[in-house]
Amino acid sequence: NAGVTQTPKFRVLKTGQSMTLLCAQDMNHEYMYWYRQDPGMGLRLIHYSVGEGTTAKGEVPDGYNVSRLKKQNFLLGLESAAPSQTSVYFCATRGGSRANTEAFFGQGTRLTVV
Amino acid sequence: GENVEQHPSTLSVQEGDSAVIKCTYSDSASNYFPWYKQELGKGPQLIIDIRSNVGEKKDQRIAVTLNKTAKHFSLHITETQPEDSAVYFCAASKGFQKLVFGTGTRLLVSP
Numbered sequence: 056n057a058g059v060t061q062t063p064k065f066r067v068l069k070t071g072q073s074m075t076l077l078c079a080q081d082m083n084h085e086y087m088y089w090y091r092q093d094p095g096m097g098l099r100l101i102h103y104s105v106g107e108g109t110t111a112k113g114e115v116p117d118g119y120n121v122s123r124l125k126k127q128n129f130l131l132g133l134e135s136a137a138p139s140q141t142s143v144y145f146c147a148t149r150g151g152s153r154a155n156t157e158a159f160f161g162q163g164t165r166l167t168v169v
Numbered sequence: 515g516e517n518v519e520q521h522p523s524t525l526s527v528q529e530g531d532s533a534v535i536k537c538t539y540s541d542s543a544s545n546y547f548p549w550y551k552q553e554l555g556k557g558p559q560l561i562i563d564i565r566s567n568v569g570e571k572k573d574q575r576i577a578v579t580l581n582k583t584a585k586h587f588s589l590h591i592t593e594t595q596p597e598d599s600a601v602y603f604c605a606a607s608k609g610f611q612k613l614v615f616g617t618g619t620r621l622l623v624s625p
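Chains as they are written, first to last, in the numbering used here: chain A, 56 to 169; chain B, 515 to 625.
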């Protein structure tokens, strides 16, 4: 039972390159989220999904795209990376029969864009 | 949308002292208020949460209080230990909607 697994853990990109971050969960949770964490700014929501096949924009969606083709996976794509996207990215999931439940986070992906 | 403010941004205490971190939220419909602890190089982990029908909740050395009228909630850590040193985040949400986080408090507990 791995919980929430993010791939890769570290990545260095050149400006203009593209990449996809993968979040995989084995908790059967409906709700999945992508956050970015920057010094002094806390965790800001990029995109989220309330179920398989659905996605929605968060606070800072520009420059990112997401897909939720399977319930257990939530992909975050950067089409043309920019230095401003240098950050630590966290995936989180929530679920269960009761609303207002704990969010479980992955270990994070540290992305540097040069 | 919801906005969560968190203070202080850094907090230094001596081992054995108490630490208090405060958050305010803007959306009166928010009804779930978790606190997360993040250790270096790891993802945030839930340490305690409170729902809007409760005013206070305790778990050993950790307690959270909620004042719905004033729209603020606080984390209290008593008898602090060096292993309490970490970054703490408050958050607010409604149901399964997105969790909105505060900007974090770096707590340093000196032996």
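Hints are supplied without guarantee of correctness; some may be wrong.
Think about it this way: if two alpha-carbon atoms lie no more than 27 Å apart in a straight line, the pair counts; the simulated DSS-like pairs of lysine-lysine are [to be verified]:
hint: 1; chain 1: A; residue 1: Lys64; chain 2: A; residue 2: Lys125
hint: 2; chain 1: A; residue 1: Lys112; chain 2: A; residue 2: Lys126
hint: 3; chain 1: B; residue 1: Lys608; chain 2: B; residue 2: Lys536
hint: 4; chain 1: B; residue 1: Lys572; chain 2: A; residue 2: Lys126
hint: 5; chain 1: A; residue 1: Lys69; chain 2: A; residue 2: Lys126
hint: 6; chain 1: B; residue 1: Lys608; chain 2: A; residue 2: Lys125
hint: 7; chain 1: B; residue 1: Lys556; chain 2: A; residue 2: Lys64
hint: 8; chain 1: B; residue 1: Lys536; chain 2: A; residue 2: Lys125
hint: 9; chain 1: B; residue 1: Lys571; chain 2: B; residue 2: Lys585
hint: 10; chain 1: B; residue 1: Lys536; chain 2: B; residue 2: Lys571
hint: 11; chain 1: A; residue 1: Lys112; chain 2: B; residue 2: Lys571
hint: 12; chain 1: B; residue 1: Lys556; chain 2: A; residue 2: Lys125
hint: 13; chain 1: A; residue 1: Lys64; chain 2: B; residue 2: Lys536
hint: 14; chain 1: B; residue 1: Lys572; chain 2: A; residue 2: Lys112
hint: 15; chain 1: A; residue 1: Lys126; chain 2: B; residue 2: Lys608
hint: 16; chain 1: B; residue 1: Lys556; chain 2: A; residue 2: Lys69
hint: 17; chain 1: B; residue 1: Lys585; chain 2: B; residue 2: Lys572
hint: 18; chain 1: A; residue 1: Lys64; chain 2: B; residue 2: Lys571
hint: 19; chain 1: B; residue 1: Lys556; chain 2: B; residue 2: Lys582
The hints are simulated quantities; they were obtained by calculation from the structure and are not laboratory data.
*Checking against the hints above, which ones are violated?*
4, 5, 8, 11, 13, 14, 18, 19
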